[in-house]
Amino acid sequence: MDKKTVTTISYLSRLKIDDGKEEKITKDLKNIINFVDQLNDVDTSNIEPLTNPLEKTAKSRTDEVTAKNLKKELLKIAPSSNEDYFLVPRVVE
Amino acid sequence: MSWETVIGLEIHAQLSTKSKLFSGGSTKFGAEPNTHVDLIDMGLPGVLPVANKEAFYKAIRFGLATGANINQTSSFDRKNYFYPDLPKGYQITQMTKPIVEKGSIKITVDNSEKIINITRAHLEEDAGKSIHDLFEGETGVDLNRAGTPLLEIVSEPEISNAKEAVAYFKAIRQLVTFLDICDGNMAQGSMRCDVNVSIKKSDDKELGTRAELKNINSFKFIEKAINYEIERQIKVIESGESVVQETRLYDSEKNETRSMRSKEEANDYRYFPCPDLLPVVISNKELQEIKNNLPELPEEKEHRYVKEINLEESEAKIISSSKTMANMFEEASTKTDDAKLVAKWLVGDVSALLNKDNIDIDESNLTSENFGILIERISDSTISGKIAKSVLEEVWKSGSNVDKIIETKGLIQIQDESVLEEIAKKVVESNPSQVTAYKGGKDKLFGFFVGQVMKETQGKANPQTVNDILKNILD
Amino acid sequence: MTIKYKTIKDIKIMLSQKEISNAEVIQEVYKLIKENNHLNAFVTLNEDNSIKKAEALDNKPSNLPLAGIPIAQKDLFCTKGLRTTCGSKILDNFVPPYSATVIKNLENAGCISVGKTNMDEFAMGSSNETSNFGNVQNPWGENLVPGGSSGGSAAAVAAGIVPAASGTDTGGSIRQPASLCGITGLKPTYGRISRWGMIAFASSLDQAGPMARTAEDCALLLNEMCSHDEKDTTSLNEDIPNFEENLNSPLKGKKIGIVKDIDLSSLDDDVVKIYEDSLKEFVSLGANLVDISLPNLSLSVPTYYVVAPAECSSNLSRFDGVKFGHRSNNPKNLEELYVQTRSEGFGDEVKRRILIGSYVLSAGYYDAYYKKAQQVRRLIKNDFDSAFSDIDVIMTPTTRGTAFEIGSKGSDPIQMYLEDLFTISANLAGLPAMSIPNGNLDNKPTGIQIIGNFLDESSILNFGHMFQKSTNWHMYTPEGAKQ
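Protein chains in written order, with the numbering used here: chain A, 1 to 93; chain B, 1 to 475; chain C, 1 to 483.
If you're looking for bench data, these hints aren't it; they were derived computationally from the structure.
Bear in mind that the values here come from a model prediction, so they are computed numbers and not experimental data.
Any given hint might turn out to be false.
What the hints assert, rightly or not - A short, non-exhaustive set of chain B residues, derived as facing chain C with CB atoms under 8 Å: (1) Lys18; (2) Leu39; (3) Pro84.
Ideal Cβ placement from N, Cα and C applies to all residues, glycine included.
Next comes chain A alone, as it looks inside the complex (with noise of 0.2 Å):
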């Protein structure tokens, strides 16, 4: 974990680091991440990891839409919308 990585992580977060914090933010998750380094010291091989502590299996839907129009409501909330659609500033493909 040095500059270069919390640059290349904080660009795949979206955030900018204030000039002033860059240090401070580095080496917090420099302690950070060499605290829970010590995982690595546990055998692990062979163990299924646990991504949720239901190991059950999903419930799934019948193909019926039930969804009303929204349209008013969730425009509204936008920070940003016209009559149709929510917006942006213009993004260049």
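With chain A's structure known, arrange chains B and C on it following the hints.
Chains B and C alone, transformed into the frame defined by chain A:
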């Protein structure tokens, strides 16, 4: 030394479910923007996905039809990236345990067959649409499409040229439409494809660096884009440089591919198991039921047409090549005792018109219903074959109802013998020299008299009746 | 007649005997909220609606189980038409178009949601210092933290403003503030309460639960909060017992697992003594102490600090300034919109966890951190599974000490993370666990944690209730012991 091309396709087929993969939002195409957006599709804080079973069933049909392994327990992962039409900031997809693995499909290019292996086919959710050119300085986001189920079908890199790529895409499209799991409508984006292209020297063991051509949605463009890209890569390598692994966009207007700068920056999708969704299990009973109800596939149809209906192999192949045409054939065959007549029309006149316009049967104005009426009117002698041809052309142009065309244009075949006899007599009387010549042994002139009668009746005379009458008068 | 420091049970009796009207109950709640404004326990109030509801109940009495009971809702639950911030600037203007299932369940049972309580931003914190709306003060002392992340809920109950509050617990966020504020808080089995409408922090760990003055009140609340919800595929489709039924069952012969792997030497002697006294109390009630081993327990904190940040880094991606919530002013382009919105909208702790999460999931580190942590998580769960084959509940102190001073653990995140040492393992394994008050040190409450087997909230509540029948720590208030 020559260059060898290695191509792999990733086809995205929208599954034709009524509702979305994880919400009760409608998947209907063409609605007013943002009217088919559920709380879940919007990615509001606190919402949770629940998987649509029908999407699994449809994916399994594809797996069974391609002889693939079906993973009865399959799970979902998150693919993380930011884009305005990706509401949650991640796409739910199947990375580690796809529903379908290791299938294959047969393609035919220049009369030779080749098997293309399918690595996997997995379920994932579609993104919304970003509209870049509608508003000054702004991009509009329409989330109607967000969450529509997609089956991503990934081929092995076993495709050797642009023609094979097109044949493969066509074969997949034919299959998904026959399976009734995707409408195959490329203009509406129901099927899209990304193409991975690389080149290598013939004796190189390792694959070359590949470029990914994004989101191509017509057969014509696939071929052009691939051929352009092959040429480009050869030029790059021959000039001593190396191909960069990147995503490239095909510009159909300029017929070129170009690097997508926006995607160039290192992305790392940070896939991990979606903690909101437990694995979905398909029971043996469900699997058996899907097997039992698998629709007839193109190859099976082709064999049946030859065996049971005595069609020529070439006819059977053309008709079974598209679901729409096969449906037309089967429906129209119920309107006549002569299925071979139906085949003749489809393979003959209809196919000729398709070729002329260079379109697909789905894009034409001809509906299955209207074609059925046309066949019925030929069979019951309401119109002659010749008239039918002009009716078909009219339908082709306007899409009008066959009966309506026959009525408004007064095209009903003249069956009344006394009317035809009178016309025939008039024709014979007004052409004495031809009569003399015919009687003198010029048999071929019989056709001339038939032609004249048809001309007088504007083609509406029943040709058999005219033959009989003229024979009576002249012989 | 006052409702201050009263339990749900008390208020139910007061209402049924017409000692107080529904409207008076709610009016007093708002009076108490204003008197305790300095606690900063509430972010948004629901005053007009609540008074109207109470008046309606006075006009037309209801026999719903919790009719007219005022409840404070953690500001992490979506409430239709009522601002929901999750303690974050990024949602400071967010009014949800729908309500969480658990909110609906409580309101359908007659509860009146009087307001939304302050919390650590996105539930990431153990002191309530990370809230965008300022820290919450612990009613027990001016400069003390209430714990976190459900600090506002805990403070509101501890100050006697409301008899009940909802909380959420991802690594101890119900139990730790309950302990630091001297109240009773229960995190149910993962999946007992629907997560629909709960703003996700770490989806595989988050669970909502009740916070109240007594175990008995927690049982009353839990009865209404649980449901099988088709909108949440991780919502359990299991029988929901009547949690009141087992409260008084005798503890004679029941077994309490005592984790011999826990090193109590790092705790204050006084804290250890209080804990041991509580165990003696349970023994005097007939229970037996059994040594158990949870060999991987010490790995809970590092495991948690991989799994939770990983899930949160993805869960918080939807806060991007496009569809709802805060957006930065005049971004020049899309990239700036994302980066500025998120950098302005999230506080330091949230940013830290998102960054850690992105790191442990990124190519090259996934196996070493994320996958590894999920494997260790299974080892921890296996430890619990084998321990529970022979015991009814497990007990530990809830926290390492009593409420600490605001700002005292600010600079080193790991010191703060270790606050959750005893609570985190129940989240990793999905087990139910509760904290009940068990003592008092320098006028600051302490708590003991009771962990139950999968789906066995009834046993926890039984132990808690029997303890509270024979002790009065739960009757202590910042103003002294109350009857």
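We went through each hint and held it up to the structure:
1. Lys18: violated (18 Å)
2. Leu39: holds (6 Å)
3. Pro84: Hint holds; Pro84/B Cβ to chain C Cβ min 5 Å, cut 8 Å.
The structure fails to meet hint 1 from the earlier list, while all remaining hints are met.
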